[in-house]
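*Asks:* Sequence:
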Amino acid sequence: MRKHITGFSNPTVKYLRSLRDKKHRRRAGQFLVEGLRLLEDARAGGRLPRTLVMAEGRAPHALLERLEAEVLEAGGEVIATTPDILSKITGKENAQSLAGVFDEWDTGLGGVDRDAAPIWLVAQALRDPGNLGTMLRTCDAVGAGGLILIDDCADPFSAEAVRASMGAIFTVGLAQARWEDFLPWLRGGKGQLVAASLRDAVPYRGADYRAPCFILVGNESQGLPAEYEAACDLRVTMPMKGRADSLNAAVAGAVLAYEVLAEVDPSA
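Its first residue numbered 10, the sequence shown is counted upward by one per residue in my numbering.
Keep in mind the hints are simulated off the structure, nothing from the lab.
We put the CB at the ideal spot given by N, CA and C, even for glycine.
Some clues are possibly wrong.
Ranges between beta-carbon positions, derived for each pair [stated by the list, open to error]:
hint : residue 1 : residue 2 : range
1    : 267       : 124       : 39 to 45 Å
2    : 37        : 190       : 23 to 29 Å
3    : 235       : 193       : 16 to 22 Å
4    : 197       : 91        : 24 to 30 Å
5    : 169       : 13        : 26 to 32 Å
Pairs of lysine-lysine, BS3-like flavour, derived with a Cα cap of 30 Å [what the hints assert, rightly or not]:
hint : residue 1 : residue 2
6    : 31        : 12
7    : 97        : 32
8    : 23        : 101
9    : 101       : 199
10   : 97        : 31
11   : 97        : 12
12   : 199       : 250
13   : 23        : 12
14   : 101       : 31
15   : 199       : 97
16   : 12        : 32
My request is simple: use the sequences and hints to build the entire structure.
*Replies:* Below, the structure is given as structure tokens:
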């Protein structure tokens, strides 16, 4: 279905704007994505927006025309509006020429196949959406099965996290769980839990990594709770040559992921 919107007070505009807020996203089960690149990554990953919003007067583009056709064919909605209204929807003064509304998907542990990949990233109480998006990109880069978010983390469907993921949110697995649910799930099958830690840790280079390896990093400012570290099969540490006492959480996850990749995947 096609629709044309010209008024800022239109109920659809108000609804789309509300998706910038976590509370409304959760209630609606939908999230907003801006820009052709991210929308094309989603399409290539098998996900189409429920609603496609396009600014009038945009330059023709073959990818956009294909995306529009596929959304309509799938029974979705295409909205044409003014650039000013699209900026109002996205909250950006220089908004790109289109945005899409996607249905959130199930992020329960039941959808995780631990045998799908030799590496998984696990983040506990990660608060920065930029770090979350970066970890999703790392998952994509190292061929990890996905990212498992533990306890109260930043919203992976926020505009900031989606943008920081550079489309990886549509190409890698994503799960969310509480620690008290995650640990029994992990111990219910094969899987090594490895923590980036300073407590009774061994050097991260050459450690005894085993697939599937679940790499656990903690909160940006507080790290991992002691009881979480104690539950791990292996704790590793990285040398700090300067005055800093730790790496950024997403950076630490990336460094460990590549080291684990070299150990568990000979073809890497």
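*Asks:* Does each hint fit the structure? Answer for all of them.
*Replies:* These are the hints, each one checked on the structure:
no. : hint                  : verdict
1   : 267 x 124: 39 to 45 Å : violated (21 Å)
2   : 37 x 190: 23 to 29 Å  : holds (25 Å)
3   : 235 x 193: 16 to 22 Å : holds (19 Å)
4   : 197 x 91: 24 to 30 Å  : violated (53 Å)
5   : 169 x 13: 26 to 32 Å  : holds (30 Å)
6   : 31 x 12               : holds (26 Å)
7   : 97 x 32               : holds (19 Å)
8   : 23 x 101              : holds (15 Å)
9   : 101 x 199             : violated (45 Å)
10  : 97 x 31               : holds (17 Å)
11  : 97 x 12               : holds (18 Å)
12  : 199 x 250             : violated (35 Å)
13  : 23 x 12               : holds (15 Å)
14  : 101 x 31              : holds (17 Å)
15  : 199 x 97              : violated (48 Å)
16  : 12 x 32               : holds (27 Å)
Hints 1, 4, 9, 12, 15 from the list above are not met by this structure, while the remaining hints are.
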